[in-house]
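Model the full structure from these sequences, guided by the hints.
Residue numbers (the numbering used here), protein chains in the order written: chain E, 4 to 413; chain F, 4 to 413.
Certain hints may be false.
Remember, identical chains collapse to one label, so a pair may be satisfied in a single copy or spanning two.
Said to hold, decoys possible - Below, a list of computed lysine to any residue pairs in the SDA-like style, where the Cα atoms sit at most 25 Å apart:
| no. | residue 1 | residue 2 |
| --- | --- | --- |
| 1 | Lys290 | Gly151 |
| 2 | Lys25 | Gly280 |
| 3 | Lys25 | Asp66 |
| 4 | Lys203 | Asn174 |
| 5 | Lys321 | Tyr84 |
| 6 | Lys15 | Ala150 |
| 7 | Lys15 | Gly280 |
| 8 | Lys296 | His18 |
| 9 | Lys73 | Phe312 |
| 10 | Lys318 | Gly76 |
| 11 | Lys321 | Pro141 |
| 12 | Lys15 | Pro155 |
| 13 | Lys78 | Lys318 |
| 14 | Lys245 | His18 |
| 15 | Lys103 | Lys214 |
| 16 | Lys34 | Asn374 |
| 17 | Lys40 | Glu294 |
| 18 | Lys215 | Asn182 |
| 19 | Lys245 | Ile230 |
| 20 | Lys321 | Thr333 |
| 21 | Lys78 | Val314 |
| 22 | Lys296 | Asn122 |
| 23 | Lys15 | Gly163 |
Simulated from the structure, these hints should not be mistaken for lab results.
Predicted model only: the values in this text are computed from it and were never measured.
Number of protein chains: 2
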Amino acid sequence: MNKEIILFAMTKINHHFQKLSKEDLFQEIEKRVAAYKEKASTPHLLNLSVGDPAGPLCPSVIDALTAASKELGDKNTFRGYGPSNGYLFLREKIAQNEYKNISADEIFISDGASSDISNLQEIFSIDNRLAIPDPSYPAYVDVNVMAGRTRPLLKTGKYGGITYLPCTEENNFQPEIPNAQVDLIYLSSPCNPTGVALTKETLTEWVNYAKKNHAVILFDGTYESFITSTAPRSIYEIEGAKQVAIEVRSFSKSAGFTGLRCGYTVIPHELKVQDAGAIHSLHALWKRRLETKSNGVSYPVQKAAAALFTVEGKKEMKEMIATYQERAKTLLEGLKSLGYTVYGGVDSPYIWCKTPPKIHSWEFFNFLLENTHIISIPGVGFGMGGDGYIRLSAFAEPVIESLTRIKNLA
Amino acid sequence: MNKEIILFAMTKINHHFQKLSKEDLFQEIEKRVAAYKEKASTPHLLNLSVGDPAGPLCPSVIDALTAASKELGDKNTFRGYGPSNGYLFLREKIAQNEYKNISADEIFISDGASSDISNLQEIFSIDNRLAIPDPSYPAYVDVNVMAGRTRPLLKTGKYGGITYLPCTEENNFQPEIPNAQVDLIYLSSPCNPTGVALTKETLTEWVNYAKKNHAVILFDGTYESFITSTAPRSIYEIEGAKQVAIEVRSFSKSAGFTGLRCGYTVIPHELKVQDAGAIHSLHALWKRRLETKSNGVSYPVQKAAAALFTVEGKKEMKEMIATYQERAKTLLEGLKSLGYTVYGGVDSPYIWCKTPPKIHSWEFFNFLLENTHIISIPGVGFGMGGDGYIRLSAFAEPVIESLTRIKNLA
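Next comes the structure, spelled out in structure tokens:
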């Protein structure tokens with residue numbers, strides 16, 4: 004390389020990226036698994052790490068997907084650019100089937116919850132004070148680090164400038180109102196990674212806090228379809244939530260759309276922020292962002308999502324979810340009977356399993372990989388509050404064999 | 004609404020959004036057309052505004068799309084999460100067919116050029132000095148306004164903090180090296196809206212400028228497939244460009260994927276930036292961004308894109324493009340023969356048509372709408388440098404009828 008270029012370069016990078024830990028969690032797991040595969044004699048690995056449904060997609064979805072694909076091949080039914088907020092046919096189905104008090108106009112279709120939960124922070128000031136559950140889905144923290152909303156990573160493994168909300172055995176994994184004032188609050192229910200749903204009481208406390216303190220809640224409901232308890236499925240079941248909360252959902256987990264890519268975000272019209280002497284609609288800000296940066300979601304994919312709301316589609320999706328719920332229950336009960344301390348599994352496909360005393364989560368990850376050939380996720384990957392746990396997914400692999408391998412450890 | 008909430012709200016919005024002009028260009032056009040439809044007795048409108056190919060998609064694409072859709076319905080061929088940078092099968096096809104000196108690993112698949120061209124700025128510091136052609140695709144400016152990289156909109160209709168690169172009749176619509184130092188340079192070729200491709204000389208000057216001044220070029224090649232002149236189709240045809248340029252492309256225009264959503268971005272490994280005493284790979288920064296914020300592009304859509312590189316797919320795409328090239332030529336020559344001063348059309352489906360003397364572009368837009376029922380785009384929507392022009396697209400509507408209507412104006 005030209006030395007002159009190196010010495011006098013003027014283009015500057017986004018320095019906030021340098022605050023990120025070097026590897027993305029899933030990349031780090033992949034790397035460790037690859038290294039293990041090299042030294043071990045190609046064991047049969049059971050991957051209980053990634054939250055990827057085993058599939059296949061429902062017949063109704065496939066029918067709609069192929070029919071819509073064919074439409075694009077006929078000049079009479081071809082469709083080009085769609086609306087940046089998604090087709091009305093899908094937004095209406097969601098409003099009718101998923102909500103009591105949300106209109107189609109308050110729904111924005113996206114290519115998945117990950118994009119929305121990552122990009123929503125763009126409509127807020129850099130100066131907002133963040134509250135993020137610990138542990139939680141890594142992107143909540145990482146996208147705010149990238150945007151410059153945090154200070155550097157401290158020696159404690161936490162970022163300066165974030166109010167972490169501990170989710171522990173002691174508080175039943177329910178994030179509590181902090182002492183510090185916060186403006187922008189990430190909540191997920193059922194929570195990834197703990198698999199525990201937030202109770203009506205917890206959500207009511209947070210909605211009341213947000214109303215009183217003029218904060219905004221970014222609510223991640225990616226796993227709502229797995230709830231079997233009486234926990235709320237939507238934050239809008241809580242009185243007043245429409246004035247303070249944005250809700251993000253996905254078809255990835257409920258309908259196996261991880262490879263197809265579709266989700267949605269709800270921003271009620273009554274959610275307003277008073278700032279610098281004016282009242283701002285977050286709905287309008289998000290709409291403007293989408294119109295500028297996005298050209299919407301693939302038409303056949305939106306047709307496929309709409310098929311989930313037909314009589315047949317609903318039935319098929321329900322059966323699919325029931326299978327995962329059953330597997331999660333088996334895994335949870337099996338681990339319990341083997342003496343493990345486990346959480347989640349009831350309202351979620353994830354089991355949050357405590358490591359043996361004094362064993363850190365990466366150590367237990369390595370131990371399980373080497374002795375059972377099971378790939379888990381070390382809890383610390385979801386934040387320092389996750390150390391002492393691993394996350395096990397009931398999505399993909401045979402749970403009985405997984406349990407047998409763990410049983411044979413002793 | 005609760006008055007207390009309004010008075011003491013603490014969550015702050017991203018104030019930079021307030022610097023944007025109130026309406027997105029295309030929203031403003033839609034609004035005016037809707038108003039016109041209300042007062043006029045439902046005239047047969049010809050929409051020469053939006054850059055949306057008429058379709059339908061090629062048979063090869065439809066076959067691949069439906070076959071991949073069916074794969075997702077079978078548990079043996081189901082695919083969940085794909086790579087965040089796109090499937091290797093597609094990246095390899097692009098590297099082999101579109102480039103001489105780019106590897107599959109330097110290509111990132113996306114859901115379209117709009118997302119990439121909007122999001123790439125995230126990996127750069129807020130402090131970089133921008134250079135943006137005037138006129139140009141509105142998102143180049145708007146996404147940087149949103150990110151806080153500009154000062155407010157001035158009375159001149161331009162933003163403080165941007166070095167505008169005038170593209171005029173006088174310079175043959177070739178953006179020239181400015182007097183001011185700039186770090187981050189947006190270039191598009193063939194340019195939207197002028198329809199003019201940048202010459203080898205122009206691109207060589209810019210690459211040399213970037214190398215000497217350690218700047219980075221964001222090159223938008225969305226319309227490269229329409230080039231019929233000897234203009235370069237890729238910036239990497241210019242010596243040394245791999246050290247200074249990122250290239251964005253799309254299947255939207257070349258293959259009618261506007262409703263299907265697929266494009267790609269090339270970031271060569273040798274494109275490095277020295278900043279704060281360290282050397283940074285832009286490839287690594289973008290990769291990290293994608294891994295955090297995205298779960299990749301829909302699998303059937305990527306299979307559909309890959310089908311464009313089969314023998315049959317190439318032939319079909321070539322024929323489709325030839326149709327648009329022919330229509331653009333007819334529209335261009337027709338307008339010329341009617342006495343209009345027109346540019347573009349040779350390397351692009353867009354005609355950049357000068358308005359009559361002293362007529363502003365919104366005035367001419369209104370005049371055409373009311374007297375010919377033709378929807379155009381006022382040039383000023385692409386920046387102040389676009390005033391005195393309208394953009395006409397040869398994509399969708401019958402060009403002969405369009406010409407007849409314009410002829411009958413006199």
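Against the structure, the hints come out as follows:
1. Lys290 <-> Gly151: This pair counts as both: shortest intra-copy Cα distance 23 Å, inter-copy 18 Å.
2. Lys25 <-> Gly280: Between. Shortest inter-copy distance 18 Å satisfies the 25 Å Cα cut-off; intra-copy 41 Å does not.
3. Lys25 <-> Asp66: Neither, since 43 Å and 42 Å both go past 25 Å.
4. Lys203 <-> Asn174: Answer is within: at 15 Å inside a copy they meet the 25 Å cutoff, but 66 Å across does not.
5. Lys321 <-> Tyr84: Cα proximity of lysine 321 and tyrosine 84: across copies only (21 Å, versus 32 Å in one copy).
6. Lys15 <-> Ala150: both (15 Å within a copy, 15 Å between copies)
7. Lys15 <-> Gly280: Close across copies (11 Å), not inside one copy (34 Å); limit 25 Å.
8. Lys296 <-> His18: both (23 Å within a copy, 17 Å between copies)
9. Lys73 <-> Phe312: Close inside one copy (21 Å) and across copies (20 Å); limit 25 Å.
10. Lys318 <-> Gly76: The answer is between: 16 Å across copies meets 25 Å, while 30 Å in one copy does not.
11. Lys321 <-> Pro141: neither (29 Å within a copy, 44 Å between copies)
12. Lys15 <-> Pro155: both (18 Å within a copy, 22 Å between copies)
13. Lys78 <-> Lys318: Between. Shortest inter-copy distance 19 Å satisfies the 25 Å Cα cut-off; intra-copy 34 Å does not.
14. Lys245 <-> His18: Classified as between; 23 Å across copies, 36 Å inside a copy.
15. Lys103 <-> Lys214: within (21 Å within a copy, 58 Å between copies)
16. Lys34 <-> Asn374: Only inside one copy: lysine 34 and asparagine 374 sit 18 Å apart there, 65 Å across copies, limit 25 Å.
17. Lys40 <-> Glu294: between (46 Å within a copy, 23 Å between copies)
18. Lys215 <-> Asn182: within (14 Å within a copy, 53 Å between copies)
19. Lys245 <-> Ile230: Answer is within: at 22 Å inside a copy they meet the 25 Å cutoff, but 51 Å across does not.
20. Lys321 <-> Thr333: For lysine 321 and threonine 333, the Cα distance is within 25 Å only inside one copy (18 Å; across copies 56 Å).
21. Lys78 <-> Val314: Answer is between: at 23 Å across copies they meet the 25 Å cutoff, but 30 Å inside does not.
22. Lys296 <-> Asn122: Answer is both: 11 Å inside a copy and 8 Å across each meet the 25 Å cutoff.
23. Lys15 <-> Gly163: Cα proximity of lysine 15 and glycine 163: in one copy and across copies (23 Å, 20 Å).
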